[in-house]
Amino acid sequence: MSTAAPASALPSYADALARYEPVIGLETHVELGTVSKMFCGCPTAFGAEPNTQVCPVCLGLPGSLPVVNEAAVRFAVMIGLALHCDIASWCRFARKNYFYPDMPKNFQISQYDEPLCTDGWLDVEVDGEVHRVGITRVHMEEDTGKSLHVGGATGRIHGATHSLVDYNRAGIPLVEIVTEPDVRSPEVARAYVDELRELIRALGVSDVRMEQGSLRCDANVSLRRRPAPGEPDAPFGTRTETKNLNSLRSVERAVRYEITRQAGLLDDGERIRQETRHFDEAAGRTSSGRSKEEATDYRYFPEPDLTPLALPVQYVDELRVGLPELPAARRARLIAEHGYTTRDLTDLRNAGVLDLVEQTVAAGAAPAAARKWWLNELARRAADAGSQPSDLAITAADVARITVLVAAGELTDALARKVIDGVLAGEGTPDEVVAGRGLAVVADDGALTAAVDAAIAAAPDIAEKVRGGKVNAVGPLVGAVMKAMKGQADAASVRGLLLERLGAS
Amino acid sequence: MTDNPTPSATTTAAATTTAAAATGAAAATDVVHLTAAATAAAIAAGELSAVEATQAALDRIAKVDDTIHAFLHVDAEGALAAARSVDERRAAGERLGPLAGVPLALKDVLTARGMPTTCGSRILEGWHAPYDATVVSRLRAADVVLLGKVNMDEFAMGSSTENSAYGPTRNPWDTTRIPGGSSGGSAAAVAALEAPLAIGTDTGGSIRQPAAVCGLVGVKPTYGGVSRYGLVAFSSSLDQAGPLARTVTDAALLHAAIAGHDPLDSTSVDVPVPAVVAAAGRRDIRGVRVGVVRELAGDGYDPGVEAAFTAAVETLTALGAEVVEVSCPHFTYALPAYYLIAPSECSSNLARFDAMRFGLRIGDDGQAGAEEVMSRTREAGFGPEVKRRIILGTYALSSGYYDAYYGQAQKVRTLISRDFSAAFEQVDVLVSPTTPTPAFPLGAKVDDPVAMYLSDLCTIPSNLAGGPAMSLPAGLVDGLPVGIQIMAPPFADDRLYLVGGALEEALDARRGHPLLDEAPAL
Ligand SMILES: [Zn+2]
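Those protein sequence lines, which keep their order, are chains A and B. The first sequence begins at 1 in our numbering and counts up one residue at a time. The second sequence begins at 1 in our numbering and counts up one residue at a time.
One should not assume that every hint holds.
[Stated by the list, open to error] Keeping only pairs whose Cα atoms sit at most 25 Å apart, straight-line, the calculated BS3-like set for lysine-lysine is:
#: 1; chain 1: A; residue 1: Lys483; chain 2: A; residue 2: Lys418
#: 2; chain 1: A; residue 1: Lys96; chain 2: B; residue 2: Lys411
#: 3; chain 1: B; residue 1: Lys387; chain 2: A; residue 2: Lys96
#: 4; chain 1: A; residue 1: Lys465; chain 2: A; residue 2: Lys483
#: 5; chain 1: A; residue 1: Lys418; chain 2: A; residue 2: Lys470
#: 6; chain 1: A; residue 1: Lys243; chain 2: A; residue 2: Lys146
Quick caveat, the hints were computed from the structure, so don't treat them as lab data.
Taking the hints into account, I'd like the entire structure generated from these sequences.
Right, here's the structure in full:
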């Protein structure tokens with residue numbers, strides 16, 4: 001069994017990379033966010049009761065016929081354009097024939113040798129280096145139903161007593177995006193999927209939720225021996241296809257595992273079997289699925305129930321002109337206009353606050369302040385509540401107003417947090433919360449001066465140290481004043497005032 | 001021909017129904033002789049109720065169908081309810097369509113709510129479609145009365161109706177012979193006076209060949225002219241539903257009722273329906289250019305068939321048509337191309353019959369896996385001809401063979417279309433015999449599939465090229481009807497009716513009565 005090499009036999013990842021160059025290609029399926037299915041009028045909403053979003057067409061009942069959803073074609077063209085592809089002026093659907101219980105017709109309407117989009121690329125940045133990944137093709141197809149295996153362990157078919165099929169998913173429009181074998185590392189593979197997801201999200205054509213399966217990724221991995229200096233590249237090795245990777249982390253881990261697994265086999269003089277493999281998230285390993293020798297001959301032929309798609313040039317041009325700002329352009333703009341770094345943007349995006357920060361700046365906040373409040377304060381609160389920052393009951397305009405009040409010295413950071421508490425508690429706008437809770441910075445110098453004098457008088461030893469030049473010893477005095485002022489003073493001003501009073505400033 | 005009277009559709013029918021006209025349509029045996037046009041006219045005039053017309057058809061079915069076995073399912077209740085509704089609305093003064101109240105037999109390959117749909121196959125036994133085919137909803141909208149479902153070769157694969165899982169249908173002209181196929185039930189029902197109209201489907205001649213051997217008019221409309229939604233697919237790029245009737249006018253009325261663009265069928269074409277009813281009534285073909293296809297004659301054609309065809313062509317000349325011979329050299333390759341394309345598409349279309357969602361399920365004992373249940377169900381549920389074509393098509397589409405078989409066949413298809421285009425630059429319609437022979441005896445060809453396939457030699461080119469074609473009775477050969485086929489360019493279906501209407505009138509006039517009047521009593 002070449003497929004079950006013991007883990008102990010695997011070389012280290014670094015050793016594997018030293019001897020072999022990974023060659024990686026990715027196939028990504030994206031469910032399009034159309035209102036209705038690819039070939040019928042059934043709704044596509046996620047999470048409905050099983051088999052409630054079906055009709056004769058998506059159930060493949062005898063006599064039913066498909067009709068192409070224009071919105072799905074439009075979305076697929078938009079993806080192709082955003083990936084710099086050529087859009088075919090004429091293309092066809094094809095039938096991919098194989099038997100499976102969750103395939104209503106036992107063929108899938110897909111595209112074969114005449115796809116909608118070809119020859120594009122996507123630039124991916126990893127650690128400041130840009131990698132251009134070639135896009136071979138983007139084609140349209142319909143999703144299958146979903147099998148639920150009952151009676152066995154954790155929904156697997158082995159040991160199940162029976163299976164149930166939910167056809168709600170059958171006929172949901174998909175695009176499959178296939179790359180050239182251009183990717184050379186697990187990190188770039190992950191970054192590619194991440195960038196692709198951002199791109200499609202920016203287009204607004206899918207919710208690209210990997211955990212719900214609306215974006216699924218298969219990774220083709222092969223190794224070739226690194227050439228000695230001056231030698232030409234070795235030919236590509238035999239590849240495996242690891243299916244249905246459902247998180248960015250899984251993409252990276254599965255590819256990394258395949259690299260070490262294949263390196264181990266090659267080191268032992270064994271051959272790589274061309275096969276599909278499954279990634280076990282818990283174990284962090286891939287295991288053998290179907291081998292290519294047993295694989296189905298899909299017997300593709302042009303779908304006779306659909307006429308070819310001949311998209312007018314004008315239709316494609318209008319979509320090209322109408323594309324929204326794409327992630328790469330947006331990043332460049334935010335760096336140029338707001339002074340963010342690439343790292344800032346990555347952090348903001350990972351925290352799910354990039355849109356909110358941009359809106360907050362647009363509402364009048366300084367870019368640095370908008371970044372600080374969303375990233376540090378609000379993202380944390382959302383995480384504590386188990387929700388998304390965009391779900392918080394505070395608007396970008398509210399946050400902008402708070403940053404303006406802080407900048408003007410009317411709120412301290414501590415007070416600003418209390419204002420946020422109030423807004424989130426539904427007490428109104430930031431200004432209403434400031435008024436309602438009486439949170440404005442006390443600007444009355446008399447009260448503050450009195451508090452400063454009282455603090456100095458209460459701690460003559462500390463006061464003496466500060467007067468002697470130990471400026472950092474002033475901390476406890478600042479704390480005492482702030483306590484006396486119930487927080488409604490600006491700590492920096494208090495410190496300044498104390499040092500001034502003690503002749504140490 | 002100008003000396004002859006020019007009978008209208010109604011008066012033509014009246015020749016066979018003098019008794020009915022005289023006694024006010026009371027006698028059911030006479031009502032069933034009425035053409036569809038005459039039935040509709042009598043209902044519209046209040047001389048006959050739709051319920052009477054329907055009951056007469058049901059009585060006729062009860063009397064003769066044990067012998068003929070055209071019907072797989074008779075929906076007496078549904079038919080009478082539809083007929084009552086017609087009568088009530090007519091009584092209320094509602095204006096109804098030209099076929100309101102006329103009974104019809106529906107080929108069991110089209111879905112209809114409230115009735116089973118078997119496609120002549122065991123694998124669909126007991127399945128009730130939850131939706132109406134577009135052809136069926138248009139028939140209902142036209143107030144046509146659906147009597148039930150009629151027999152066919154399993155999944156429309158065959159030329160004799162012997163491939164039905166529910167037993168063969170017999171030819172009313174000679175019950176030891178086949179009624180043609182695959183729409184044999186449709187043709188036999190109309191020829192046996194069980195219904196004035198029937199819907200058939202035609203993939204390689206399945207309307208025209210049964211029409212020819214049962215002495216009827218049958219039309220395959222232009223591909224894309226009639227919706228395929230709800231027509232259980234045999235070969236998607238070839239299948240087309242169309243009318244079977246006793247007269248050209250009846251066929252035109254039915255054609256007009258079912259044709260037209262359907263957004264549920266992407267291959268349905270959004271163009272105006274050709275004016276087939278008007279064309280059927282014109283009866284003047286002076287100056288019409290008619291091409292006799294040289295390749296559809298000679299070896300393998302029964303001399304009687306050729307004689308009847310030649311006589312019909314001479315009649316066209318006598319009517320003032322300009323008849324020339326034309327060559328369509330690639331028609332020779334039509335049959336082999338068809339037997340690659342149709343099985344290829346069928347191998348994919350019939351994949352859905354897998355016991356998972358509908359129909360027969362064999363071997364689901366709680367132990368067998370899904371694949372085994374699928375396999376055992378398909379083994380038990382499909383007949384030998386269907387299996388033969390699935391295997392043939394699966395092979396033709398296989399990787400490594402696709403170009404040599406399916407790919408080549410598609411090229412032949414293009415060449416045949418070009419032959420038609422070139423011919424239609426010279427002539428308005430093409431003609432040929434519909435079949436090389438009259439109806440053969442039941443069982444004569446069941447063990448020789450290739451001999452059976454030759455029945456469709458003349459009809460297949462129109463399916464491959466998509467153009468419309470009609471068969472109408474040319475005459476009798478040893479007491480058995482044979483047909484002449486008229487072919488026209490895509491979406492020129494009206495030309496079939498123009499030429500067919502004039503020819504039918506002349507042949508009936510020469511004979512003194514419609515051909516069907518010579519059919520033996522049952
Ligand atoms: Zn549906």
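Hints versus structure:
1. A:Lys483 - A:Lys418: holds (16 Å)
2. A:Lys96 - B:Lys411: holds (22 Å)
3. B:Lys387 - A:Lys96: holds (20 Å)
4. A:Lys465 - A:Lys483: Answer holds: A:Lys465 to A:Lys483 is near 21 Å, not above 25 Å.
5. A:Lys418 - A:Lys470: It is violated: about 33 Å lies between the C-alpha atoms, which goes past 25 Å.
6. A:Lys243 - A:Lys146: holds (16 Å)
The structure fails to meet hint 5 from the earlier list, while all remaining hints are met.
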